[in-house]
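Q: Spelled out from the first residue to the last, the chains are:
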Amino acid sequence: MNISLTINGEERQLDVEPRRTLADALRDDCGLTGTHLGCEHGVCGACTVQVDGTAVRSCLMFAVQCDGSTVRTVEGLAAPDGTPHPLQTAFASEHALQCGFCTPGFLMLAAAALEENPALADDPDGLRELLTSNLCRCTGYEAIRLAVRLAAAMRNTGGT
Amino acid sequence: MADPGDMGQAVARVEDGPLVRGHGQFVADLRVPGCLEAAFVRSGVAHGLLRSVDLTASRRTPGVRGAWSASHLDDVPLVPAMLYPEGALDRPWPALATDRVRYAGEPVAIVVAENRYVAEDGRDRARISTEPLPAVLDSAQAGRDEVPLFPGLSNVAVDVTVGEPVDPRVWERAAAVVDTTYRYPALCHTSVEARAILSRPEPGGVLTVWCSHQAPHRLRNDLAAALGLPTDVVRVIVPDVGGAFGGKSETWPEYLAVTAAALRLARPVRWVEDRAEALSAGPRGRAQTQRVRLAADADGRFLAMELHTDAAVGGYPHMGAFLPEVTARMATGAYATPEVHVRARAVLTNTPPLCPYRGAGRPEAAYAVECTVDLLARRIGMDPAELRRRNFVRPDAFPYDTPTGFRYDSGDYPAALDLALKTLDYPRWRAEQAHRRAADGTPLGIGVCAYVERSGAGGEFGAVEAHADGTFTATSGCCATGQAHATTFAQVVASALGVDRHLVHLVEADTSVVPRGVGSFASRSMQNGGEALLEAAHRLLAEARRRLAAQADVPEAEIVVQSGGTLHARGRTRTLGELAAHHPLRAEAQVEPPQAFPFGAYAAVVEVDRELGIVRVLRLVAVDDYGTVVNPLVVHGQTYGSIAQGLGQALYEEAVHDADGRPRTVSLLEYLLPTLSEIPDITLEETCTPNPATRLGAKGAGEAGCIGVPPAVVNAVADALQIDPSTLTVPLTPETCWRAAR
Chain A
1 MNISLTINGE
11 ERQLDVEPRR
21 TLADALRDDC
31 GLTGTHLGCE
41 HGVCGACTVQ
51 VDGTAVRSCL
61 MFAVQCDGST
71 VRTVEGLAAP
81 DGTPHPLQTA
91 FASEHALQCG
101 FCTPGFLMLA
111 AAALEENPAL
121 ADDPDGLREL
131 LTSNLCRCTG
141 YEAIRLAVRL
151 AAAMRNTGGT
Chain B
1001 MADPGDMGQA
1011 VARVEDGPLV
1021 RGHGQFVADL
1031 RVPGCLEAAF
1041 VRSGVAHGLL
1051 RSVDLTASRR
1061 TPGVRGAWSA
1071 SHLDDVPLVP
1081 AMLYPEGALD
1091 RPWPALATDR
1101 VRYAGEPVAI
1111 VVAENRYVAE
1121 DGRDRARIST
1131 EPLPAVLDSA
1141 QAGRDEVPLF
1151 PGLSNVAVDV
1161 TVGEPVDPRV
1171 WERAAAVVDT
1181 TYRYPALCHT
1191 SVEARAILSR
1201 PEPGGVLTVW
1211 CSHQAPHRLR
1221 NDLAAALGLP
1231 TDVVRVIVPD
1241 VGGAFGGKSE
1251 TWPEYLAVTA
1261 AALRLARPVR
1271 WVEDRAEALS
1281 AGPRGRAQTQ
1291 RVRLAADADG
1301 RFLAMELHTD
1311 AAVGGYPHMG
1321 AFLPEVTARM
1331 ATGAYATPEV
1341 HVRARAVLTN
1351 TPPLCPYRGA
1361 GRPEAAYAVE
1371 CTVDLLARRI
1381 GMDPAELRRR
1391 NFVRPDAFPY
1401 DTPTGFRYDS
1411 GDYPAALDLA
1421 LKTLDYPRWR
1431 AEQAHRRAAD
1441 GTPLGIGVCA
1451 YVERSGAGGE
1461 FGAVEAHADG
1471 TFTATSGCCA
1481 TGQAHATTFA
1491 QVVASALGVD
1501 RHLVHLVEAD
1511 TSVVPRGVGS
1521 FASRSMQNGG
1531 EALLEAAHRL
1541 LAEARRRLAA
1551 QADVPEAEIV
1561 VQSGGTLHAR
1571 GRTRTLGELA
1581 AHHPLRAEAQ
1591 VEPPQAFPFG
1601 AYAAVVEVDR
1611 ELGIVRVLRL
1621 VAVDDYGTVV
1631 NPLVVHGQTY
1641 GSIAQGLGQA
1651 LYEEAVHDAD
1661 GRPRTVSLLE
1671 YLLPTLSEIP
1681 DITLEETCTP
1691 NPATRLGAKG
1701 AGEAGCIGVP
1711 PAVVNAVADA
1721 LQIDPSTLTV
1731 PLTPETCWRA
1741 AR
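So the sequence lines, in the order shown, correspond to chains A and B. Residue numbers for the first sequence follow our numbering, so the first one is 1 and each next one is one higher. Residue numbers for the second sequence follow our numbering, so the first one is 1001 and each next one is one higher.
Please keep in mind that the hints were generated in silico from the structure rather than gathered at the bench. Mixed in with the good hints, there may be bad ones.
Partner residues are not named here, just some residues of chain B that face chain A (Cβ under 10 Å, in silico) [what the hints assert, rightly or not]:
| hint | residue |
| --- | --- |
| 1 | Gly1017 |
| 2 | Pro1018 |
| 3 | His1189 |
| 4 | Ala1194 |
| 5 | Thr1481 |
| 6 | Gly1482 |
| 7 | Glu1588 |
| 8 | Gly1641 |
| 9 | Gln1645 |
| 10 | Leu1669 |
Just so you know, even glycine gets a beta-carbon here, dropped at the ideal spot from N, CA and C.
Construct all of the structure, not just a fragment, from the sequences and the given hints.
A: Structural data, given as structure tokens:
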């Protein structure tokens, strides 16, 4: 099936089988391998991307469901001039990644949430609930939580 | 003056840039032209005679490029044994099952296709005929040898004793003896990236293999030997690795089958294990059944301990047969128990193969010892912390030779426990507990664990080279899987050379560039690999001294090494880069420090909901002594992660099979990993007893949370419910605790 989507600001025409997941279309058809597959059944969240601004598990969506949609992946998180997103800076400074495999999913999850509600970082329960969506086996999560809070503070002060 | 190498500083990692931008290069991310994808046809039964494998329909599937079972291959590669070949003798493990299957999920055939979808189509069209045999799933049953996995051979692959037998009179005369059993379930490593390999035959008979691995040189040697290739034509490259935790040290049958298929097709072939495969048929850890006996005198001083442990090593002993002996040797724990005797067996079972999982034998030992110490404390009515203090190996007793044959290098166990209790505010929680008990409130318990572990083993290679442009290359035989070697090894080398750490670039994990190496497991990277690089850096300085002495015609003794990587002699100054301008300036080191024994104390406070059985960890304190710490940010991060895995072991994780040996925990909705919501309030503290055997002083780090947390949490739950810890079995599910609270 032919579909058309806007991925990280770029218009893409894809010819995909109906059964092809969005994750595989992004990774294999578009070469955007930053979106990782950790479980392929919607639990770990490593494959989280944004579809029309909402964080979704790209392993649980078929590519054809995204016809006409706007998709943002981790490769589209930094500014066009390469300036890192505050979350990318904060994840590094807080040691919020070790192997880094789950990191793109956490970044896309948190980026969508902070865009929707910049005050989320000040709501401990809301932030905890959000980050409970995804699995990390290396960090024990605390550094991820701190990184999201730091990124929110950086955004609110206009810094990067 | 500040150390430009930032030794000991919590500097941010240099690895993170590509990873946060989505530019990591994990095996599945590699874009290799013409690469085919593999899927495995796996046994649906846990034990049976393989009658036939029909791949006709698989091969007819459009897009399938090849499908093979053992019967289609002239020569099925055999899986090599890791570390303990004795247990694997006469028990061949073909990469694809030949006449018998010994665990559900065992690879029976490989299907290679243009993409993974088609490969799975082909896999699903394979027809296997198996004549089922009774499945033996636990070590006690299997150890009776009523159902042999290898006809004519015992299911007991390894049976070792460690320490002298305890004089029976000790048990008779002791003031108190406790005798109990434990079951430590099978666990799944569950790195978020499961196993992955890509093998590409090159023109000229060379083979390039990218694998998500911890020990590239071992993998290279094993692949070459198993496939009948010269070692020097195999190149193993380990790209980014999405977590490993012991499950990626081995040469698994799937790796051999993928590589054999690539060679047959003369095409690159990749296999990326999916989560269902990893949980149902992938590596397992722990899986021990233990019986422990501990005797003490009237003052609570330990007289003797006896442990019998059986590990269920799965259908093949090749990867896990050495683990029970590790447990046996660590059974002394932190205590000066005069007599310790252990019998440890590796028993074949119709379950997926056992291999090291973070802690690898030490968590099982700490569990047996530390839960039993609490059991004894309860029996004799003594505070468990006080009972530990009375029995610790004293700080002035090091080096301490244990009855189980290890030499503990250094330590101060009372200091670690005291710091843990102080940080926890132990008296306050005891008061809170008394208050709740008086008021019939929600049960609250406090548990401690004083652990000793073992780190590092074997030699390691390191090299440092100075370049004329002022940069340096550090080459290591280790292999990072998320531990930040590029950052921390650069700190070690730069600090020794007195140069900015950003000038030091690390090379590792490529067998064509690194001449030899052992890899990263057993908490060995900084202890052994860091030491090798430190030694190489000092040898580089020595060579630079000799070079400048010759150039300037001055005695070496007059040469002063100053910060910034510069050397001075009689008014002449040369940088290391200048000294490298005309001749390579490079030094190598091969070091083999003895294994070290990091230690610490963990304390947990829990409350248990009597009606729902839910355990809530209110507070967790971890005191660890890793010796010299090169980068606290990295070490604390690993401690946190290890604690999270320890909580998983204590409360959530278990690989479950049905009565026929078919896996029941096949998704992450059944095999439960901790999320952020399960992480309690954690405080990390440290003591520092440098490794006396090395210049660097580092001991292993990163596995302690898996060792210390489970006994601390179980002891705390038992304390809350006022029951013997041995009546609880991990994971402490709500049902387990609800029943225990009745």
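Q: Any of the earlier hints contradicted here, and which numbers?
A: 7
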